[in-house]
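Make a model of the complete structure from these sequences and hints.
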Amino acid sequence: MHTWPELGFAAVDVFTCGPPSVADGVADAVVRLLAPTRCDKKSIARGQPAP
0 MHTWPELGFA
10 AVDVFTCGPP
20 SVADGVADAV
30 VRLLAPTRCD
40 KKSIARGQPA
50 P
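Okay, so the sequence shown: first residue is 0 according to numbering that gives the first Met the number 0, each after it adds one.
Rather than coming from a laboratory, the hints here were simulated on the basis of the structure. No experiment lies behind these values; they were computed from the predicted model shown. A hint or two may mislead.
[What the hints assert, rightly or not] Dumping the calculated EDC-like pairs for lysine to aspartate or glutamate here, alpha-carbon to alpha-carbon at most 16 Å: (1) Lys-40 <-> Asp-27; (2) Lys-40 <-> Asp-12; (3) Lys-41 <-> Asp-23; (4) Lys-41 <-> Asp-27; (5) Lys-41 <-> Asp-12; (6) Lys-40 <-> Asp-23.
Right, dumping it as structure tokens:
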């Protein structure tokens, strides 16, 4: 997590070696816990697809 309190902004990166649903669940939990007034979420697939 990177924060810029003076701007009221935080950026969170979630990485996993598991299925994308794991990272999505973590990201959703962070949003629920922090309760931001705005949330922009981006997924980037990397590496080889899971077998």
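Status of the hints after comparison with the structure:
1. Pair hint Lys-40 plus Asp-27 holds up; C-alpha atoms about 10 Å apart against a cutoff of 16 Å.
2. Between Lys-40 and Asp-12 the alpha-carbon distance is near 10 Å, which keeps this suggested pair within the 16 Å criterion.
3. For a cut-off of 16 Å, the pair hint linking Lys-41 to Asp-23 stands: about 10 Å separates their Cα positions.
4. Proximity of Lys-41 to Asp-27 is assessed by CA-CA distance (about 12 Å); at most 16 Å being required, the pair is judged to hold.
5. For a cut-off of 16 Å, the pair hint linking Lys-41 to Asp-12 stands: about 10 Å separates their Cα positions.
6. Distance restraint check for Lys-40 and Asp-23: the Cα-Cα separation of roughly 10 Å lies within the 16 Å cut-off, and the hinted pair is therefore satisfied.
Of the numbered hints given earlier, the model fails none.
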